[in-house]
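Kindly produce the complete structure, drawing on both the sequences and the hints.
In the order they appear, the protein sequences are chains S and Y.
Plus 413 on top of the position in the first sequence (first one is 1) and you've got the working numbering.
Plus 19 on top of the position in the second sequence (first one is 1) and you've got the working numbering.
Wrong hints could be hidden among the right ones.
Example chain S residues on the side facing chain Y (calculated, C-beta under 10 Å, incomplete) [stated by the list, open to error]:
1) 594
2) 597
3) 600
4) 601
5) 692
6) 693
7) 792
8) 797
Take a look, some chain Y residues computed to stay more than 12 Å from chain S by CB distance [stated by the list, open to error]:
9) 23
10) 39
11) 130
12) 195
13) 199
14) 224
15) 323
Everything labelled a hint here was simulated from the structure, so no lab data went into it.
The model shown is predicted, which means the values in this text are computed figures rather than measured ones.
Glycine is no exception: its CB is placed at the ideal position from the N, C-alpha and C atoms.
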Amino acid sequence: MYQVEASKALLKPRLWARRTSRLRVPRNVVMLGTVSLLTDVSSEMVATVLPMYLIFSLGASPLVFGAIDGTYRGAAALVQVLSGFTSDRWRRHKEVAGLGYGLSALGKVALVTAGSTIGGVGAIVAVDRVGKGIRTAPRDALISLSSAKDKLATSFGVHRAMDSVGAMLGPLVAFGILFLAPARFDAVFVVSTLFAVLGLAVLVLNVEGRPQRAPREGAPPRLRAALSLLKDRSFAPLLLAAAGLSIASVSDALIYVGLQRTIDFDPALFPLLYVMTAISFMALAIPVGQLADRVGKVPVLLAGQALLFVVYGVLLMSSVGYLALAVCLVALGGYFAATEGVMTALAGAVLPERLQASGIGILITVVSLGRLVSSLAFGALWFAIGLQSAVLIFAACLILALALSAPLLFRAQRLALDG
Amino acid sequence: MDSRGGKITVALVVVCVLLGGGYVVYAALGPSQTTTGASPSAAEAAGVPVMVRAVDPVKPTLNGRVFVVEDGRVVRRSHDLACERVYYAAGWGICMGVAPSGVDYTATIFNSRFEPLHTLTLLGLPSRARVSADGRYGAMTVFVAGDSYLSSPTAFSTRTTILDMKSGEQIGQLEQFEVTKDGTPFDAVDFNFWGITFSPTDSNTFYATLATGDHHYLVEGDVNSRSMHVLRDGVECPSLSPNGTQIAFKSRIGDENRWHVHVLDVAGLKDHPVAEQRSIDDQVEWLDDKTLVYSDGENVYTAPADGSGESQLLVKDATSPVRLESRSGA
Chain S
414 MYQVEASKAL LKPRLWARRT SRLRVPRNVV MLGTVSLLTD VSSEMVATVL
464 PMYLIFSLGA SPLVFGAIDG TYRGAAALVQ VLSGFTSDRW RRHKEVAGLG
514 YGLSALGKVA LVTAGSTIGG VGAIVAVDRV GKGIRTAPRD ALISLSSAKD
564 KLATSFGVHR AMDSVGAMLG PLVAFGILFL APARFDAVFV VSTLFAVLGL
614 AVLVLNVEGR PQRAPREGAP PRLRAALSLL KDRSFAPLLL AAAGLSIASV
664 SDALIYVGLQ RTIDFDPALF PLLYVMTAIS FMALAIPVGQ LADRVGKVPV
714 LLAGQALLFV VYGVLLMSSV GYLALAVCLV ALGGYFAATE GVMTALAGAV
764 LPERLQASGI GILITVVSLG RLVSSLAFGA LWFAIGLQSA VLIFAACLIL
814 ALALSAPLLF RAQRLALDG
Chain Y
20 MDSRGGKITV ALVVVCVLLG GGYVVYAALG PSQTTTGASP SAAEAAGVPV
70 MVRAVDPVKP TLNGRVFVVE DGRVVRRSHD LACERVYYAA GWGICMGVAP
120 SGVDYTATIF NSRFEPLHTL TLLGLPSRAR VSADGRYGAM TVFVAGDSYL
170 SSPTAFSTRT TILDMKSGEQ IGQLEQFEVT KDGTPFDAVD FNFWGITFSP
220 TDSNTFYATL ATGDHHYLVE GDVNSRSMHV LRDGVECPSL SPNGTQIAFK
270 SRIGDENRWH VHVLDVAGLK DHPVAEQRSI DDQVEWLDDK TLVYSDGENV
320 YTAPADGSGE SQLLVKDATS PVRLESRSGA
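Here's what the structure looks like:
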């Protein structure tokens with residue numbers, strides 16, 4: 414009896430230790446991941462049903478929102494940089510992120526109570542986007558400040574994986590509710606509000622606002638200090654590399670359209686492309702993050718970027734079977750897993766503690782501008798010289814971007830390790 | 020702080036699960052939002068019966084019922100169909116709308132007694148529907164959400180499919196057809212097709228809009244050879260007259276999303292505006308070879324096709340007008 418008890422007691426902590434040593438992620442990161450998961454369930458629930466709701470209940474066309482989307486995409490970029498800097502200046506990342514999450518939650522409440530006019534829904538969509546713009550940079554800064562420098566990529570991997578679980582669950586929850594209660598959009602909005610409120614509650618109650626690496630002393634940073642990041646000797650090369658790589662990468666939306674043109678499959682299966690990529694991303698985000706912490710973020714980042722060559726290769730094939738398609742989507746998921754989160758982790762390692770949110774805000778904005786340039790350029794090339802030639806040109810650009818950005822990134826990483 | 024925060028969170032989760040679950044159960048047991056009631060009022064005596072979908076200016080949840088209006092009164096109505104777009108010819112109808120569950124968009128193929136025969140899931144927001152005069156082929160255009168890949172505020176993507184009405188099977192997507200312009204192959208990333216109209220004499224021949232860049236080309240296509248060729252620019256949502264000699268279409272005013280109704284000769288491809296002053300975003304229908312019928316989204320109007328006279332209100336609170344043959348059965 415005694416012996417059994419004893420062996421159990423011995424076994425238990427060892428098992429626990431083995432599990433945690435495999436994936437030791439700060440509690441704060443898991444909590445921030447939970448916040449994102451819950452918030453994404455809430456947002457994706459609404460995003461899934463909103464077009465149907467507009468027609469069914471308001472007799473309006475969702476096309477009205479096309480223009481809103483374009484306008485706010487530009488505004489969101491500005492909001493990101495400002496909210497990043499403000500949260501660094503006040504040293505209140507949690508509060509600024511909370512404001513962003515709070516705005517989105519308020520939007521959901523407003524949908525339940527006042528979402529019966531088209532103008533009302535438009536305003537709510539706008540508020541939601543602003544909220545997303547506000548929260549991203551301070552939240553990523555919190556993830557970074559909560560993690561040791563040699564565990565940053567794992568932390569971002571865990572966060573991004575949890576985030577995408579939420580994005581996958583949202584539509585399922587919404588469809589589940591409409592299946593049980595046909596056309597009761599109010600029930601979808603009520604449940605979405607509850608998810609948003611829960612997300613906000615986990616942030617307020619369970620996220621530590623001044624984590625491990627958060628600066629506690631020194632003067633609050635000035636705007637000039639944030640702007641001088643643009644010529645910082647380790648962050649500027651990283652920004653340059655991020656810009657180059659994002660311009661040379663074909664956006665996922667265009668890859669899907671290209672695949673659809675290349676492969677003659679049932680268009681009803683089109684959403685499966687997104688789902689397969691998302692599953693591959695979810696499965697790979699954490700192990701790739703761990704790998705990046707072990708062998709270095711830059712090699713993993715560059716290898717992840719190089720996975721795009723697999724995707725380009727499939728786009729160049731004259732006929733694509735299902736095997737090639739599956740390989741392509743797994744590669745695409747791996748590319749996402751090894752780039753966005755790892756790049757942010759690298760920024761977190763390179764940036765001074767007091768300017769984490771400002772720098773991450775600038776990075777996100779630069780990358781999204783790069784993607785916009787890439788989409789416009791790829792679209793124009795496709796139009797002018799056809800899909801395959803456009804892909805070949807982008808493949809050449811990616812080789813160039815990889816060759817130019819590799820030394821920049823290694824330099825940034827080395828300076829970060831020295832300093 | 021940790022343990023207290025954790026306890027409050029757990030309590031909140033329990034409260035939220037109870038509230039959310041309770042609300043969903045309440046909603047599931049409560050009445051679902053059904054569309055009944057709204058009825059259009061016929062303002063003018065129409066010589067031929069016209070099928071329309073009703074809109075209710077006060078309660079939009081009542082939109083979508085299908086009515087047949089003749090000689091200034093409602094002669095028939097559907098009890099089950101709720102459509103965003105409706106079309107009908109030779110005993111075969113298409114009703115594009117939101118599924119009763121509200122989960123997705125569907126198209127229903129129905130017969131002359133408004134009975135549903137096939138239901139198809141649509142890839143996006145219903146936009147245009149047509150049935151060939153012999154009832155053999157159907158055509159549908161939808162807007163695809165989340166597909167505006169050129170990131171411009173006005174960018175959107177459409178899918179246009181041709182159906183076999185009897186089987187409800189898809190014959191092809193215009194996006195997969197070959198296109199030629201001035202005899203040479205023509206393709207671009209931003210190709211969008213919408214607004215098919217079938218030839219009244221040969222349902223294998225159709226016309227449609229091909230949009231690319233700033234252009235809105237009129238294309239003539241062939242279902243059997245799965246091909247199209249470009250005829251001219253500046254034509255959206257073509258609609259062939261019953262005798263097949265003229266095409267009514269919407270002509271964009273500048274770069275805005277505003278359109279005037281024009282009519283062109285199929286033979287000479289020359290066009291003239293009609294006397295309608297409102298902006299019309301609709302695929303025009305022909306009441307007869309001399310008269311157009313269309314909706315501004317609120318009411319149904321007619322106008323002479325030759326550009327003379329002025330537009331007249333035909334049916335109040337209705338959209339998606341369809342000409343019916345006097346004894347077609349619907």
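How the hints compare with the structure:
1. 594: 4 Å, holds
2. 597: Holds, because the Cβ-Cβ distance from residue 597(S) to chain Y comes to roughly 4 Å (cut-off 10 Å).
3. 600: It holds, given that the least Cβ distance between residue 600(S) and chain Y is near 4 Å, below 10 Å.
4. 601: 9 Å, holds
5. 692: Interface hint status for residue 692(S): violated (18 Å vs cutoff 10 Å).
6. 693: 19 Å, violated
7. 792: For residue 792(S), the interface hint holds, since the closest Cβ of chain Y sits about 5 Å away, which is under 10 Å.
8. 797: 8 Å, holds
9. 23: Given that some Cβ of chain S is not farther than 12 Å from that of residue 23(Y), nearest at about 8 Å, it is violated.
10. 39: Residue 39(Y) not clear of chain S: closest Cβ-Cβ about 4 Å, inside 12 Å.
11. 130: 25 Å, holds
12. 195: 7 Å, violated
13. 199: Given that every Cβ of chain S is farther than 12 Å from that of residue 199(Y), nearest at about 15 Å, it holds.
14. 224: 24 Å, holds
15. 323: The claim stands: residue 323(Y) keeps its Cβ more than 12 Å from every Cβ of chain S (closest is about 29 Å).
Checked against the numbered hints above, the structure breaks hints 5, 6, 9, 10, 12 and satisfies the rest.
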